[in-house]
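Chemist: Go by the hints and put chain B onto chain A.
So the sequences go chain by chain: A and B. Just so you know, the first sequence maps onto residues 1 to 286 in UniProt numbering. Just so you know, the second sequence maps onto residues 1 to 286 in UniProt numbering.
For the record, the hints were derived by calculation from the structure and aren't laboratory data. All of these numbers come straight from a predicted model, not from anything done at the bench. One or more of the hints may lead you astray.
Cβ pair distances, simulated, as ranges [claimed, not checked]: (1) B:Glu19 <-> A:Tyr191: 31 to 41 Å; (2) A:Arg82 <-> B:Ala14: 42 to 52 Å; (3) A:Arg259 <-> B:Asp46: 46 to 56 Å; (4) A:Leu68 <-> B:Leu266: 56 to 66 Å; (5) B:Val112 <-> A:Thr163: 43 to 53 Å.
Anything over 10 Å on all C-beta distances counts as not near chain A; from chain B, calculated [what the hints assert, rightly or not]: (6) Val20; (7) Ser49; (8) Ala165.
The list that follows gives simulated cross-link-like pairs (lysine to any residue, SDA-like), each with its CA atoms no further than 20 Å apart [claimed, not checked]: (9) B:Lys52 <-> A:Glu164; (10) A:Lys52 <-> B:Asp46; (11) B:Lys188 <-> B:Trp17; (12) A:Lys52 <-> B:Val48; (13) A:Lys188 <-> A:Ser246; (14) A:Lys52 <-> B:Glu164; (15) B:Lys52 <-> A:Asn51; (16) A:Lys202 <-> A:Gly179; (17) B:Lys52 <-> A:Lys202; (18) B:Lys52 <-> A:Ser49; (19) B:Lys52 <-> A:Asp248; (20) B:Lys52 <-> A:Val48; (21) A:Lys202 <-> A:Arg33; (22) A:Lys202 <-> A:Asp248; (23) A:Lys52 <-> B:Lys188; (24) B:Lys188 <-> B:Asn141; (25) B:Lys201 <-> B:Gly180; (26) A:Lys52 <-> B:Asn51; (27) A:Lys52 <-> B:Arg168; (28) B:Lys52 <-> A:Arg168; (29) A:Lys202 <-> A:Val173; (30) A:Lys52 <-> B:Lys201.
Glycine residues also receive a C-beta, built at the ideal position from the N, C-alpha and C atoms.
Read off the chains here:
There are 2 protein chains.
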Amino acid sequence: MDSQRQEIMRAKLAALWEEVRELSLGTTPSVDRLDGPPTPLTFLRDYVSANKPCVISNATLHWPALSLWTQDEYLRRAMEGRHVSVHLTPDGRADALSRHPQDPSSLSSAHVRRGVPFEEALGLVIDSSSSSAVAYCQEQNDCLSSEYSALAGDADADIGWATEALGRPPEAVNLWIGGGRSETWFHKDHYENLYAVVSGKKHFLLLPPTDAHRLYIRWYPATSYNDVNGRLKLALVLERHVPWCSVDPYSPSEEEEERQRSSYPLYFEGPQPIQCTVNPGDILYL
Amino acid sequence: MDSQRQEIMRAKLAALWEEVRELSLGTTPSVDRLDGPPTPLTFLRDYVSANKPCVISNATLHWPALSLWTQDEYLRRAMEGRHVSVHLTPDGRADALSRHPQDPSSLSSAHVRRGVPFEEALGLVIDSSSSSAVAYCQEQNDCLSSEYSALAGDADADIGWATEALGRPPEAVNLWIGGGRSETWFHKDHYENLYAVVSGKKHFLLLPPTDAHRLYIRWYPATSYNDVNGRLKLALVLERHVPWCSVDPYSPSEEEEERQRSSYPLYFEGPQPIQCTVNPGDILYL
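Next up, chain A with everything else stripped away, as it sits in the complex (with noise of 0.2 Å):
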């Protein structure tokens, strides 16, 4: 392509990405913040149906778990006898990019340790602020229902007002445990999800659907985390490649994000995701 036709090209995608931030996410940086549940049919026509996220503030103030969970004695005693899932990372960071001796760019997957007494994965999450491992509590099969079921009465089942406006009640309600470091590369979700944030807070850099150009999607070799005699090691998952997100908006060096930056110019030059931070009570519909 030679540089006027690529110069012409950038100035279609720029033309894009600024449609679709007037269109559908308005023109503002941020994310809508709602004080309190909107009606099923608000909820539909303004974000669902315009598939534009917004933060629901004072949500959950009546859940029985904003209380309780911050205290790790009640979650322990009320785990009592329970085992969970609990997926290990040297830096809080799975799913993602990383460099393996192999392999300079590789995906790289939590070791995941199944059947853990909850009191032990509850350590190595407390742990993991000054350990060499990183925990993070979690099981994407409707795992409040069934590894955290002691806990599901502190929520309520469904959220009323989003039931209705979809027509059915959630088809998984997922749970994470995890502390400061741990981390989410980005990705999509085909899902409409709705993210209550029980104790700590959860920050979110989130692009319109449209933008999935700018984080130059490629196919990594899946490699994941072993527990070798104490120390998390990577390994090649063989044979298994997958289609992964190039960018890495916080680059772990200076050298690295001048790698980021010339690599990846549509994500670096283009316009900044959406952040929002979600806080206890407040639920994010995205």
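Modeler: Okay, now just chain B, sitting in the frame of chain A:
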């Protein structure tokens, strides 16, 4: 493309046709028919968001128009001194592909007479069943509040449940007055449409948007009918080509039907369009 690849492609297209019908239209070959106005939430959730047409019966029975507009005398009196636009074609087929002497396949638009006294225009529509020109009173410019404002009070200014579901009143309300010979070629609209029949019947053939490839959209030279000493003749509109659907579901002759079937197999060999008849008091959402 060799025949094996062609076969694979056809099988994939057939799977698409079937999946779209399962996903959004349901597996019945007819449009959902509701007994009365839906709630705004039901309408938005089950039809607008699902991009699924429906007929709402008993939707406009309270409009005075339903009894008044069947009386020609009422229309003449109410519209006395008003002027309207009349679209004239020799066969009732406006914006249709037709055979022009200089170009066997061109898109022909109606001859439009503007500023016709309403009484004369209505006479032309009534005479259309036996005349050499078929008249259709229309103007897609919110004409119920302009040319036909004298009649606007006979219908609600908006459809309450739709205004609430879509979050805004209608952008335009158009009135069409035509007879049994008026026919509209396959086309798409960029808008959410609510089509209310006040008198007579309207038959629709509907295809999901993903079936667009089955209509063989091609570029055709634009022509329009001119009134030459009282006879409608086609004139080429120079330098203008428009993309238009090639398929004619109702061929005027066996020979033409044979040509259509062999030229447009994806239409004729695939699933039939959904047929739907809208009666007085009904609204079709599409």
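Chemist: Take the hints in turn and mark each one as holding or not.
Modeler: Hints, one by one, checked against the model:
1. The given range of 31 to 41 Å is broken by Glu19 (chain B) and Tyr191 (chain A), whose C-beta atoms sit roughly 19 Å from each other.
2. At about 49 Å, the CB distance of Arg82 (chain A) to Ala14 (chain B) agrees with the hint of 42 to 52 Å.
3. Between Arg259 (chain A) and Asp46 (chain B) the C-beta distance comes to about 50 Å, which sits within the given range of 46 to 56 Å.
4. At roughly 60 Å, the beta-carbon separation of Leu68 (chain A) and Leu266 (chain B) lies within the given 56 to 66 Å, and the hint holds.
5. Between Val112 (chain B) and Thr163 (chain A) the Cβ separation comes to about 51 Å, which falls inside the hinted range of 43 to 53 Å.
6. No Cβ of chain A comes within 10 Å of the Cβ of Val20 (chain B); the nearest lies about 17 Å off, and the non-interface call holds.
7. Annotated as non-interface, Ser49 (chain B) brings its C-beta within 10 Å of a C-beta of chain A; the closest such distance is 5 Å.
8. Its beta-carbon lying about 7 Å from the closest one in chain A, Ala165 (chain B) breaks the requirement of being farther than 10 Å from that chain.
9. Among the hinted pairs, Lys52 (chain B) with Glu164 (chain A) is consistent with the structure: their alpha-carbon atoms are about 19 Å apart, no more than 20 Å.
10. Our distance criterion of 20 Å between C-alpha atoms is met by Lys52 (chain A) and Asp46 (chain B), whose separation comes to about 19 Å.
11. In summary, the hint linking Lys188 (chain B) to Trp17 (chain B) is supported, as the alpha carbons are separated by about 18 Å, within the 20 Å threshold.
12. Distance hint between Lys52 (chain A) and Val48 (chain B) is fulfilled; the C-alpha atoms sit about 16 Å from each other, no more than 20 Å.
13. In summary, the hint linking Lys188 (chain A) to Ser246 (chain A) is supported, as the alpha carbons are separated by about 13 Å, within the 20 Å threshold.
14. This hinted pair checks out: Lys52 (chain A) and Glu164 (chain B) have alpha carbons roughly 19 Å apart, not beyond 20 Å.
15. A threshold of 20 Å between alpha carbons decides the hint, and for Lys52 (chain B) with Asn51 (chain A) the separation of about 18 Å falls inside it, so the pair holds.
16. In summary, the hint linking Lys202 (chain A) to Gly179 (chain A) is supported, as the alpha carbons are separated by about 10 Å, within the 20 Å threshold.
17. For the hint linking Lys52 (chain B) to Lys202 (chain A), the alpha-carbon distance of about 37 Å lies beyond 20 Å, and the restraint is violated.
18. For the hint pairing Lys52 (chain B) with Ser49 (chain A), the CA-to-CA distance comes to about 14 Å; that is within 20 Å, so the pair holds.
19. Our distance criterion of 20 Å between C-alpha atoms is broken by Lys52 (chain B) and Asp248 (chain A), whose separation comes to about 40 Å.
20. Simply put, Lys52 (chain B) and Val48 (chain A) have alpha-carbon atoms about 16 Å apart, close enough for the 20 Å limit, and the pair holds.
21. Distance restraint check for Lys202 (chain A) and Arg33 (chain A): the Cα-Cα separation of roughly 15 Å lies within the 20 Å cut-off, and the hinted pair is therefore satisfied.
22. Note on Lys202 (chain A) and Asp248 (chain A): the hinted pairing holds, with a Cα-Cα distance of about 18 Å set against a maximum of 20 Å.
23. Pair hint Lys52 (chain A) plus Lys188 (chain B) does not hold up; C-alpha atoms about 26 Å apart against a cutoff of 20 Å.
24. At most 20 Å may separate the alpha-carbon atoms for a hinted pair to count; Lys188 (chain B) and Asn141 (chain B) meet this at roughly 17 Å.
25. Using a Cα cut-off of 20 Å, the hinted pair Lys201 (chain B) and Gly180 (chain B) holds, with the two alpha carbons roughly 9 Å apart.
26. Between the alpha carbons of Lys52 (chain A) and Asn51 (chain B) the distance comes to roughly 18 Å, so the proposed pair stays at or under 20 Å and holds.
27. Between Lys52 (chain A) and Arg168 (chain B), the direct Cα distance comes to roughly 18 Å. Compliance with the 20 Å bound is thereby established for this hinted pair.
28. A hinted pair counts as satisfied when its Cα atoms are at most 20 Å apart, and Lys52 (chain B) with Arg168 (chain A) qualifies at roughly 18 Å.
29. This hinted pair checks out: Lys202 (chain A) and Val173 (chain A) have alpha carbons roughly 17 Å apart, not beyond 20 Å.
30. Of the supplied pair hints, the one linking Lys52 (chain A) and Lys201 (chain B) is violated, its CA atoms being roughly 39 Å apart against a limit of 20 Å.
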